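**Q** These are the residues of each chain, in order.
Number of protein chains: 2
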Amino acid sequence: MKPLRRDAPLSEVLERAQAADPRAVARLVSLVEDDSPHLPEIAAALAPHTGRAQILGLTGSPGVGKSTSTSMLVKAFREQGKRVGVLAVDPSSPFSGGALLGDRVRMQDHATDSGVFIRSMASRGHLGGLSWATPQAVRVLDAAGCDLVLVETVGVGQAEVDVASLADTTVVLLAPGMGDGIQAAKAGILEIADIFVVNKADRDGADQVVRDLNGMLRLGGRHSEAGAWRPEIVSTVASTGKGIPDVLEAIEKHRTWMAGGELARRRQRRAAAEIEAIAVKTLRARMGDLHGSKALDTLAAEVVAGEQDPYAAADKLIAGIGASSP
Amino acid sequence: MKPLRRDAPLSEVLERAQAADPRAVARLVSLVEDDSPHLPEIAAALAPHTGRAQILGLTGSPGVGKSTSTSMLVKAFREQGKRVGVLAVDPSSPFSGGALLGDRVRMQDHATDSGVFIRSMASRGHLGGLSWATPQAVRVLDAAGCDLVLVETVGVGQAEVDVASLADTTVVLLAPGMGDGIQAAKAGILEIADIFVVNKADRDGADQVVRDLNGMLRLGGRHSEAGAWRPEIVSTVASTGKGIPDVLEAIEKHRTWMAGGELARRRQRRAAAEIEAIAVKTLRARMGDLHGSKALDTLAAEVVAGEQDPYAAADKLIAGIGASSP
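Protein chains in written order, with this note's numbering: chain R, 150 to 475; chain G, 150 to 475.
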């Protein structure tokens, strides 16, 4: 295949992406990141080719060994002959618009493997982090024929929740001595984890982390209901590869359980959230257009002066959107 | 004044809140947190009484001494005879809906002072953290006659940005030995800080943090423009009160500078963002109503099946909103 030209038409980029040309895939992901006006056209072209990939979320605090674990998982999936896409999302950088590459260097093991596509994405500011760009990037990798899309994100608050809402299976990484007592105590972690991986299991305190997790799981929550999935707990030493086959086994076990109906439910919920996020974004853009037309400025000045309250102003703004819609 | 009855009508709660009855203020903040259907009515009643409070944002990583610093600042403002409201926002708990009180116990110094209102707020999940509830809670405290509203939040990603967009003056706390080299290197901190406070200044490494900050400020950004505010850097030992008067002086200096036009611009921007957030929330709620009517479910199922792409589905959803609006 000839290299993709910089000025190649979108139709060619789409066609090549579906044939897994990595440069075409990269270009589509960039268009998603840059919120290209062509996104509707791209989404329409990709839609018939999506829904095949298994989507794995991987999250954890800085320092638990996410990149190493991701790299080892990619290696293991490659050994099974699977094509793998990795989206590394860094929500810590709301301003730069560019993800910090940092320890991604480890991922260079896979840089020359045409069966692996790796991409760092910055999560953008106010539109809610992962909420709209990442699902669209996942669609690109799915349509490009990845059997598996791994979304890796730093576990901080909202990003954890977002990655879980995006994934078929969410893996939460912990490590001893990382203040994980506090980490794990957060109710959130129990809500999102399908699989817990206690990495750096050769270090002191790893057993205690496993015990704490088991204790939390015994306390119940959603996992105590009949037929519910009880999160697996797996110990690893990612740097040596120890325990990685157990992680794969847990993922496979969860996939089998999901096939009993939960996968369809999750994907339905995910699609609904995705549609809603795009709708909100579109409506915001329309409000932005109104902003340009000074309606919002005038309303804001009245709110500052105390002549109007923000709820009444919002009602007027929404009425304006209705009027300006095509 | 007689104690506020549990079943007191909203009109009485509003009247008492404006007379600074702490129970009435607390009830209004709860109504805001719970997204009460009465919010438009509350906002309308408060609007004429807002715009007087000075709004201070205070943010920093866990462990830099935020609570102690907040407590000392409250004490200093009280000595100036100012009425102070504190909103402590914890964005680390997306699920619980209840803020972790933890080290807020230090704030109990002020628990019996009727000139101080303290409230912990959990930032909620998917609607974007601080973005809509906190400004409404600030309005309540403003209308209740607080001269100063201090919004304290853990500095993690989006929350930092949100608190800065909310405040007249944003104070970023750092401390030596907290990995602040990495913290400070984040471009975000330069964008939001009006004042840097290097707390625990009696510890090794504090001078280095100050030097690093000065170095970053010399590198420019928005601060190098003519007439721009150059962030003040103040060293404190909050546990002993050392340096707290310098923080107050820096805040006052920034306030004077802001009065030259920037305050009006910030408040205008803030009101616009607030209106927009409420408008988006309203539109989301309308989409939720549609969800109930199965329109979104049907669209989502079509997206899952690859029969429709999410952009086309979002367009249809928006058309539905127009039709369902009053």
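Hints were generated in silico from the structure; no laboratory data involved.
All figures in this text were calculated on a predicted structure; none of them were measured in a lab.
A couple of the hints might just be wrong.
[Said to hold, decoys possible] In silico lysine-lysine, DSS-like type, Cα no more than 27 Å apart, as pairs:
1. R:Lys443 with G:Lys402
2. R:Lys391 with R:Lys402
3. G:Lys402 with R:Lys465
4. R:Lys430 with G:Lys391
5. R:Lys402 with R:Lys224
6. G:Lys402 with R:Lys430
7. R:Lys443 with R:Lys430
8. G:Lys391 with G:Lys402
9. R:Lys231 with R:Lys151
10. G:Lys391 with R:Lys465
11. G:Lys443 with R:Lys430
**Q** Against this structure, judge whether each hint is valid.
**A** Status of the hints after comparison with the structure:
{"no.": "1", "hint": "R:Lys443 with G:Lys402", "verdict": "32 Å, violated"}
{"no.": "2", "hint": "R:Lys391 with R:Lys402", "verdict": "19 Å, holds"}
{"no.": "3", "hint": "G:Lys402 with R:Lys465", "verdict": "38 Å, violated"}
{"no.": "4", "hint": "R:Lys430 with G:Lys391", "verdict": "47 Å, violated"}
{"no.": "5", "hint": "R:Lys402 with R:Lys224", "verdict": "19 Å, holds"}
{"no.": "6", "hint": "G:Lys402 with R:Lys430", "verdict": "39 Å, violated"}
{"no.": "7", "hint": "R:Lys443 with R:Lys430", "verdict": "20 Å, holds"}
{"no.": "8", "hint": "G:Lys391 with G:Lys402", "verdict": "19 Å, holds"}
{"no.": "9", "hint": "R:Lys231 with R:Lys151", "verdict": "25 Å, holds"}
{"no.": "10", "hint": "G:Lys391 with R:Lys465", "verdict": "50 Å, violated"}
{"no.": "11", "hint": "G:Lys443 with R:Lys430", "verdict": "21 Å, holds"}
Hints 1, 3, 4, 6 and 10, counting from the list given before, are not met by this structure.
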